[in-house]
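Turn these sequences into a full structure, and let the hints guide you.
Read top to bottom, the protein sequences are chains A and B.
All the letters of the first sequence, read from the start, carry residue numbers 1 to 439 under my numbering.
All the letters of the second sequence, read from the start, carry residue numbers 1 to 439 under my numbering.
Worth flagging that the hints you see were computed from the coordinates, not collected in a lab.
Check before you lean on any hint, since a few could be wrong.
Pairs involving identical chains hold if they fit within one copy or between any two copies, as the list cannot separate such chains.
As the list claims (entries may be wrong) - Subject to a maximum C-alpha distance of 20 Å in a straight line, what follows is the list of computed SDA-like cross-link-like pairs (lysine to any residue):
#, residue 1, residue 2
1, 44, 170
2, 44, 369
3, 7, 378
4, 44, 373
5, 7, 407
6, 47, 83
7, 394, 123
8, 252, 219
9, 96, 369
10, 96, 165
11, 87, 57
12, 394, 10
13, 7, 111
14, 44, 365
15, 44, 141
16, 44, 374
17, 44, 363
18, 7, 401
19, 47, 365
2 protein chains.
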Amino acid sequence: MASTHLKFDSADAHRAWLRSQSALPQGFRCGTTRFEFVPVEVHKPSKMALTLIALDEPTDAFAAMFTRNAFPGAPVIIGRQRLGAPKLSAIIVNNKVSNVCAPNGVETAERVCAEVARCLGVAQSEVLPSSTGVIGWQLPAEAILANVEHAARALQSESVFPAAEGIVTTDLYPKVRSAAVGDGRIVGIAKGAGMIEPNLATMLVYILTDVDISRDELRAALRASVEESFHSMSIDSDTSTSDTIVALSSRKKKLPSLAAFQAALTQVCWDLTEDVVRNGEGVHHVMRVRVSGAPTRQSARAIGKSIVNSPLFQCAVCGNDPNVGRLVMAVGKWVGEHLPGADLSRCAITMGGESLLVDGVFRLDPTREAALVAHMRAAELYASVPPEDGVTFKPPIRFPPHEACVEIEVALGLGDAECTVLGADRTHEYISENADYRT
Amino acid sequence: MASTHLKFDSADAHRAWLRSQSALPQGFRCGTTRFEFVPVEVHKPSKMALTLIALDEPTDAFAAMFTRNAFPGAPVIIGRQRLGAPKLSAIIVNNKVSNVCAPNGVETAERVCAEVARCLGVAQSEVLPSSTGVIGWQLPAEAILANVEHAARALQSESVFPAAEGIVTTDLYPKVRSAAVGDGRIVGIAKGAGMIEPNLATMLVYILTDVDISRDELRAALRASVEESFHSMSIDSDTSTSDTIVALSSRKKKLPSLAAFQAALTQVCWDLTEDVVRNGEGVHHVMRVRVSGAPTRQSARAIGKSIVNSPLFQCAVCGNDPNVGRLVMAVGKWVGEHLPGADLSRCAITMGGESLLVDGVFRLDPTREAALVAHMRAAELYASVPPEDGVTFKPPIRFPPHEACVEIEVALGLGDAECTVLGADRTHEYISENADYRT
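Here's what the structure looks like:
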């Protein structure tokens with residue numbers, strides 16, 4: 001699975017490209033509205049975007065996967081019930097408040113669904129709710145109920161771009177990916193920048209297609225594509241309470257073949273996965289780690305995640321510092337704990353194609369060090385800019401200048417399984433973003 | 001296990017207190033020497049401290065525990081062999097280079113042991129090597145061999161303080177703790193500030209006692225004390241390749257009772273554990289998390305670590321931001337993955353004594369929010385100071401002003417087991433320390 005290797009030199013150029021991908025598949029409409037509210041928990045005005053995605057006609061072809069966090073949000077609890085419903089007609093998404101463990105959370109979410117159903121003239125059970133944002137706060141029910149009709153009035157059938165913009169929180173930019181399948185299309189949008197190590201899906205992802213595929217086929221295809229993509233990334237090892245991925249088909253266009261659909265769906269999912277990591281909070285470098293020679297695919301993925309989630313290695317990558325000892329530490333940490341007694345004496349590691357470790361022994365010298373630094377610098381999205389107030393770092397760009405990654409290959413010498421994992425470095429911008437997220 | 005709640009208003013006052021704890025038990029000497037060397041990997045001069053801890057007479061009463069990382073350093077490989085040796089006479093410790101996966105690492109470490117043995121007139125197998133520092137670099141054999149005799153000449157029997165200073169790397173200050181046992185004493189020193197989530201022991205810890213205890217009793221006592229202390233902390237979830245904890249007895253003083261020795265040893269280990277976390281790289285706040293109502297002690301510890309290792313919660317604590325949704329997320333993340341189906345509807349959480357979550361539902365309001373902020377501020381060791389170059393943060397103090405913690409209690413409602421875990425926040429100083437550690 002390769003990146004598309006797009007390059008952008010401005011936010012305008014990036015947005016123009018996103019818009020070019022945003023045509024809605026046949027049979028869908030979407031609309032977004034924005035308003036102010038006051039959380040009862042902090043008494044300070046805040047802003048919310050409410051996004052409605054609607055089908056022209058109810059569909060039985062829908063699939064969804066949700067977080068495995070044991071404190072799931074109310075929308076996740078409701079979403080699991082909706083999976084058994086015969087039809088789905090709409091998704092209503094709010095940002096800013098995730099509605100997790102809040103008093104009367106499920107009841108409030110259902111009230112919102114009822115209002116959407118009233119506005120669209122569909123059944124309440126055909127509306128799927130989604131929320132992302134601060135955990136612990138209550139959904140501002142009255143403010144949302146007063147604005148559902150505005151979202152419904154904003155519905156249009158041209159572009160998914162307003163929805164891609166409406167669902168974000170700390171994201172620097174919206175994320176849209178698309179692929180053709182025969183005469184039909186798949187369009188996906190994603191929200192996600194922090195609290196990302198999905199355990200069943202990631203944050204909020206909505207995939208719309210007009211390709212005629214049955215419910216069972218769509219659910220199987222989604223599971224397979226998510227396994228290949230969202231399951232193999234981590235920004236900060238934290239599993240959200242709200243992770244949700246939904247796929248909907250309007251069934252308007254002929255399915256050329258299941259294989260073609262699966263390939264296109266996986267491509268869209270993988271591209272969105274890369275986008276989510278690249279736009280992760282404070283990310284300067286995306287790391288792509290291919291672990292091979294593992295006993296199982298699960299262990300290959302876990303070792304890849306041990307590398308991309310190592311705080312020390314993340315910091316080294318941030319500093320364009322090829323501190324490859326920390327890379328080796330991260331492999332040994334996982335293997336020592338989970339495969340005690342495993343023999344790593346045939347382990348080989350490369351970064352940017354440079355050989356670092358052969359048969360379990362380092363080969364480091366000043367020439368190789370310089371090559372590694374050059375590889376890391378070439379994959380840097382931006383460097384930190386000294387903050388105006390001395391301590392609060394802000395990313396200097398709001399678009400991805402390129403799609404290069406720090407490329408790491410680990411050959412364990414323990415078996416035949418492999419997995420590719422995406423992750424990112426740890427930076428001052430992540431600390432600044434999260435040390436004072438709510439204030 | 002309680003902190004001693006010491007307070008210090010200057011580095012001088014802190015050092016004076018450390019010196020007051022530093023008297024060597026009878027039968028021990030130690031000495032440290034410092035010198036320059038040039039790593040072959042980067043061709044830039046660096047400084048190393050070489051520390052020798054020696055017994056007046058060889059002892060059979062020694063115990064050691066080592067990292068479980070599957071890429072152990074050469075000193076760990078040798079240390080495991082030494083456990084079977086009849087006697088131990090000395091420990092030789094270098095900082096700066098950890099001698100992990102380096103070409104001929106074991107051979108070089110053994111050459112250093114041989115030189116120590118020659119200087120002290122003991123057998124090579126009676127010398128235990130220890131190394132900490134950059135992973136991947138080779139030990140500068142010639143420079144070390146030329147300086148062993150200087151370390152031997154510096155041996156003195158008054159104070160462990162020079163050794164406590166000699167073994168550090170990025171530590172802000174040395175760590176010494178002691179306890180009386182009958183007429184004898186236990187004195188422990190520790191090094192460790194990053195790459196700390198021990199899986200069998202932590203970084204480098206040396207515990208010296210003159211209390212007469214047999215080898216078997218000492219090994220059992222050390223295992224029990226480490227289980228209570230070092231195993232329950234994490235600074236950055238990274239398990240070092242060099243973690244080593246060694247206990248040595250000169251057997252000069254009468255053992256009053258095994259129970260008294262065990263209690264004193266656990267106290268020294270716990271105090272050193274707190275010291276290591278408090279002096280963790282960039283730490284502004286120590287978190288103490290007590291998880292109760294768990295199915296097992298192991299799951300209680302794992303949930304505590306899930307909280308203290310959550311990057312998002314760490315950042316919130318750094319910002320004195322009571323973003324308790326992230327605390328709940330971190331509990332749900334672990335439970336969802338490891339105890340699927342577990343019912344958290346009776347879960348209760350407090351911070352600083354304030355009730356946040358009762359029966360799985362949040363109770364948040366502006367008054368409680370203010371109380372949580374006050375609790376977090378009171379536990380802050382220092383606040384970030386805007387860096388001179390705009391981006392490189394440095395801790396403004398080199399001593400611990402107090403021993404207060406952010407106190408978190410999680411009652412799961414799933415069983416009767418409990419565990420207390422120590423951890424820390426994630427800060428700009430950690431990023432600055434580790435984004436460019438080697439340059």
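Item to check | Enumerated hints in conflict with the structure, sorted upward | outcome: Hints 6, 7, 13 not satisfied by this model.
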